[in-house]
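Chains as they are written, first to last, in numbering that gives the first Met the number 0: chain L, 0 to 307; chain H, 0 to 524; chain C, 0 to 217.
Treat the hints with caution; some may be incorrect.
[Claimed, not checked] Straight-line alpha carbon distances no greater than 20 Å define the calculated PhoX-like cross-link-like pairs of lysine-lysine that follow: (1) Lys104(H) x Lys26(H); (2) Lys111(H) x Lys26(H); (3) Lys283(L) x Lys98(C); (4) Lys372(H) x Lys104(H); (5) Lys81(C) x Lys157(H); (6) Lys80(C) x Lys283(L); (7) Lys283(L) x Lys191(L); (8) Lys283(L) x Lys29(L); (9) Lys362(H) x Lys372(H).
[Said to hold, decoys possible] Distance ranges between label pairs, derived from CB positions: (10) Leu38(C) x Leu166(L): 23 to 33 Å; (11) Arg306(H) x Val109(C): 35 to 45 Å; (12) Ala113(C) x Ser165(L): 33 to 43 Å; (13) Ile273(L) x Ala65(C): 32 to 42 Å; (14) Ala65(C) x Val471(H): 48 to 58 Å; (15) Val109(C) x Glu53(L): 30 to 40 Å; (16) Val109(C) x Arg55(L): 54 to 64 Å; (17) Val109(C) x Lys157(H): 32 to 42 Å; (18) Leu166(L) x Ala65(C): 29 to 39 Å.
[Unchecked claim] Sample of chain L residues lacking proximity to chain C, with all beta carbon distances greater than 12 Å (derived): (19) Arg50; (20) Cys52; (21) Gly60; (22) Val175; (23) Arg287.
Note that these hints are calculated values from the structure, not bench results. Don't be surprised by glycine CBs; every beta carbon is placed ideally from N, CA and C.
Here's the letter readout for the chains.
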Amino acid sequence: MSVIVAILQAVLLVAAAPLVSGITRKIRAKMHSRTGTDIFQDYRDLAKLWRRCEVREGGSGLVSRAMPPVFLGSFVLIAAGLPLFMQACPVPILGDIITILYLMALPRFMFALASIDSAGSYTAIGGVRELLVGVLVEPALVLVLFVMAVAAGSTNTGLMAAATGSLQAQPLVAVVVAGVAFAMACYIEMGKLPFDLAEAEQEIQEGPLAAYSGPSLAMLKLGVSVKQLVVASLLVALFLPFGAAVDASPAAVLAGMLAYGAKVLVVMVAASIIENAVMRVRYKLLGRYTWFVTGIALLSLVFLVIGI
Amino acid sequence: MDYSILLICLLGCPVVAAAAMALLPAKATPRGLFEAIHVLSLAVVAVSGLWLVASVFAGSDLFALGGWFHLDGLGALFLGLIAVIAPATGLYSLPYVAHDVADGKLGPSQVKQYYVFFSLFVFSMILAVTSNNIIMMWVSVEATTLSTVFLVGVYRTKLALEAAWKYVIVCTAGVAFGLFGTLLVYANAADVMADAHQAVFWTSILPMAPALDHSLTMIAFVFAAIGFGTKAGLFPMHTWLPDAHSEAPSPVSALLSGVLLKCALLIVLRFYILAAANVGAGFPQLVMVILGVLSVGYAAFEVYRQRDIKRKLAYSSCENVGLIAVCFGIGGPLGIIAGLVHCIAHGLTKALMFCVAGNVMMKYHTRDLEKIKGILAVAPVTGVLFVAGCLALAGFPPFAMFVSEMAMILAGIAADALWLVALVLVALVVVIMALVTMITGSALGRAPEGMARKDVPALALVPECVLLALVVLLGVALPGPLFGSIERAGAIVMSYEDEYPASENLFEGALAALAGDEVEEEVSE
Amino acid sequence: MFGYPLVNVLGACLIITSMLVVLARTGRAAAWLYSLQSLVLVAVLASLGAVTGSVELFTWSATAFATKVVLVPAILLFTLKKIGDDARTDLPPKLNPMKSVALVAVEVFVCFVAVSGIDLPTAAEVRPTLAVSLAHFFIGLTCIVIQRSIFKQIFGYCLMENGSHVTLALLAPQAPELVEIGVATDAIFAVIILAVLVWRMARYARTLDADDLCELKG
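Just chain L, with the same shape it has in the complex:
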């Protein structure tokens, strides 16, 4: 049963990612006072890209070829393991926070490596910036996940979700502050404005994505959308597990699916509204914001230690 749920989660997330990114594009268009494209346009874009043939750069090697599938695959695996529909992990080993952290680090590493592999200079800049974001945001993520692990008594995200959902997570204020820090860290991790340093259209024109074409580009675009959806799902799963299924009955799982859909939609809409209201932060000043988020995560750790 749980394996079915896991596969269902993975497939659903991959299928829904272009829809969600389409909705985001629509919101941006509306906020920019234009009509914008259809919300299903991303599906058509992906289909078109898939039919095109692939052109590779002369100097690129195995890493560039392997990166898009690895990128997409890692996030699909995370999606399969998260406690989205139920307050328990469908595949426990994939839902452990250490696995999640490494599965999030792997695509980032490959992304950066591939960007250096290509011959273009702008791609390298984009990859390095992506690494910078990763280095600065990960401490906050790790701290928050550690706090939640101690509060719930286990590193399994399903148990954490169950603890938060039944309001058993102690100490209370530490969890709340950790939630706030995690929300901010996830927003930065999603790579939305003002933190879209890797793409940086005005400066480096799509960054590392510029080196790809055809099916690889399709996988990468899909991968980026899935990443945003997965990060939002992580936030929802850990800190907003209300409505997810407590037991494994099909009706409860269905209800959990609907609840999850609604929650994630709200989160993504909120994120896109914020995204369109701000300007990109200069990458030199990124440290300030991440210090702020890390500070709040540190505060939640201190509250945990004190026992408030």
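With the hints as your guide, set chains H and C onto chain L.
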């Protein structure tokens, strides 16, 4: 005569005077009226203060208002200091303020502000010295800071305001540490004592002191030493002192340096007594020695370095407060008595010097020592007072500070702390160099061109002469009753040690013991 | 959730609100946030009074409401109005406020470690809140040190006073009321005097920048 009524009178008079002056309109009232109220209230303070001090020395301790106020031999000593120096500097304020008004530096509203806050300042100091409630002790030290802010910043210049701001921020932040120490002692005592409501009175805590928790008392003493030491001017919390004492008007500087620093030291001393009764004298003495030696060392070199006369005197205050801390740190009857005598001696000497510096400023209109030359030629009486004051401050006989410094050296030898004595002597030599340079550079030498050979008004000279006479009296022939009362105060400080009951012959006994040790050493060789 | 856990939760809210005061960009925002922070403080005092059964604490929370929540912010906002040109009070702090959050967290932790060493029966259950009040004092000190505008340094002082008052309430709940009134009045007078000093500085020295106030050195 019910002395508690006298105590209430002593406390209430400055407050009433301040309130009365505050109600008068600033511009419409002639300055003479403010001066009259000011002098009257200070006269009452002097008379009632000295009467109370005499009665405590002759008789026994005083309690008032249900134990909230308490005057013992130790507090009486400091109250006497207030009762003598406050009227002297208050009297000196009259010509000084008049001169500043004539110069245009002070307007009518500032004159009113000056006299109102002067009275409030005197009130807060009396409160600090006579308070028995440990939390009210802290409140009164805060009150001294708050009442002096507008005295330090009475001139509307950027430098004066900057000094006032630094003063208030550093002192309130530092004294808040003192509050933590006080609270720790209170909470500790409330746990141990049967009646928790009594735990707020110092006289009630003292007998129970050995029963308090040791580590808590040590932490509390360190906090109190740092906190109230900020107000006393110990290194490294002294940063506000040179600025505040140099930018304030001279009579206020005299009162701040001469009396306020000692009141803060009294509060540190009260915590010292509690701590020594609890963990033994070793730990509190160590803390005092560390703070004292650092202050003496740092301030001595700064005294030499300064070019501004009032900053020089302010750093000299830091150094002397450090010396007092070292005396208490050496401990033993000789050390405590040396510390107490130094409190009185330095208070009088520093008040004298600041008033004389005020005279110099009235004549020369600058504080820069490079520009002040030939005081003896220009203003003879002021010049003589200046030379005498510098020599007194340097610790030459026949002035009072010689006595206390000698006693300190004897105490150091008796306690076998010879390295400490050596360090202190080096610092004292540096200070002597600085002060002698001040004499040769400023008092002697040729007067600047075009300066009138006319001394300051007589009223500006009388308080200094009185103070100088007292300094000489203390240095040459310390009056018997006064010395007896110092011994008694010393016995109070040492009351934790059973071998020193409150007897009269503390000093003699200690000197005899010192001489006896030496004779024994000679005999054994 | 009542009793001591409530006191501890309110203590955590104290830290969060005081951090907001330190991070506030404009003087007005800082004044309103300080009012909010004092409200949390009043709640802490009231809940402590309910838990220890001390009537003095209830009266104190009432006076604290009148003085800290209403009077002090009113005085500061009035001073701000009298100074007039708001921009001069809104200088950016020396340490980036974003980094000060991490500093605050470290301070709270250090204070907790320090408090763990204190062994007092009255303070056993409220140990987290005692750590919080001690940390409050240091947060106020941090605010004074990092702020460039002396107007905002007043808030640092007020935060320090708040910390001292909570410590007083925690360690000495049976202290006579006169003492608590004395401490509270002292705080009010201090704020008034600081505000007048800031106003005079703005009018006569025409600067509120702490970096400008370094002429007296050594």
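Verification of the supplied hints:
About 15 Å separates the Cα atoms of Lys104(H) and Lys26(H), which keeps this hinted pair within 20 Å; it holds. The straight-line distance between the Cα atoms of Lys111(H) and Lys26(H) is roughly 9 Å, inside the 20 Å bound, and the hint therefore holds. Distance hint between Lys283(L) and Lys98(C) is fulfilled; the C-alpha atoms sit about 15 Å from each other, no more than 20 Å. Only pairs whose Cα atoms come within 20 Å are accepted, and Lys372(H) paired with Lys104(H) is rejected, the gap being roughly 24 Å.
Restraint check for Lys81(C) and Lys157(H): the C-alpha separation of about 19 Å stays at or below 20 Å, so the hint holds. Taking the CA atoms of Lys80(C) and Lys283(L), the gap is near 37 Å; set against the 20 Å cutoff, the hint is violated. The suggested pairing of Lys283(L) with Lys191(L) holds, with an alpha-carbon distance near 17 Å, which does not exceed 20 Å. Taking the CA atoms of Lys283(L) and Lys29(L), the gap is about 31 Å. The hint is violated against a cut of 20 Å.
Our distance criterion of 20 Å between C-alpha atoms is met by Lys362(H) and Lys372(H), whose separation comes to about 11 Å. The given range of 23 to 33 Å is respected by Leu38(C) and Leu166(L), whose C-beta atoms sit roughly 25 Å from each other. Between Arg306(H) and Val109(C) the Cβ separation comes to about 42 Å, which falls inside the hinted range of 35 to 45 Å. Checking the proposed 33 to 43 Å range against Ala113(C) and Ser165(L) shows it holds: the Cβ atoms sit about 35 Å from each other.
A hinted range of 32 to 42 Å for the beta carbons of Ile273(L) and Ala65(C) is consistent with their spacing of about 40 Å. For the pair Ala65(C) and Val471(H), the beta carbons lie near 55 Å from each other, so the given range of 48 to 58 Å is met. As the Cβ distance of Val109(C) to Glu53(L) is approximately 57 Å, the hint placing it in 30 to 40 Å is violated. For Val109(C) and Arg55(L), the hinted distance range of 54 to 64 Å is satisfied, since their beta carbons lie about 56 Å from each other.
For the pair Val109(C) and Lys157(H), the supplied restraint of 32 to 42 Å holds, since their beta-carbon distance comes to about 37 Å. Between Leu166(L) and Ala65(C) the Cβ separation comes to about 36 Å, which falls inside the hinted range of 29 to 39 Å. Non-interface call for Arg50(L) relative to chain C: holds, since the shortest CB-CB distance, roughly 47 Å, exceeds 12 Å. With a least CB separation of 48 Å from chain C, Cys52(L) remains clear of the 12 Å interface cut-off, as annotated.
Listed as outside the interface, Gly60(L) is consistent with that label: its C-beta sits roughly 40 Å from the nearest C-beta of chain C, beyond the 12 Å cut-off. For Val175(L), the shortest C-beta to C-beta distance to chain C comes to about 9 Å, within the 12 Å cut-off, and the non-interface label is violated. Listed as a non-interface residue, Arg287(L) fails to keep its Cβ farther than 12 Å from every Cβ of chain C; the least gap is roughly 4 Å.
Going down the numbered hints, you'll see the structure goes against 4, 6, 8, 15, 22 and 23, while the others check out.
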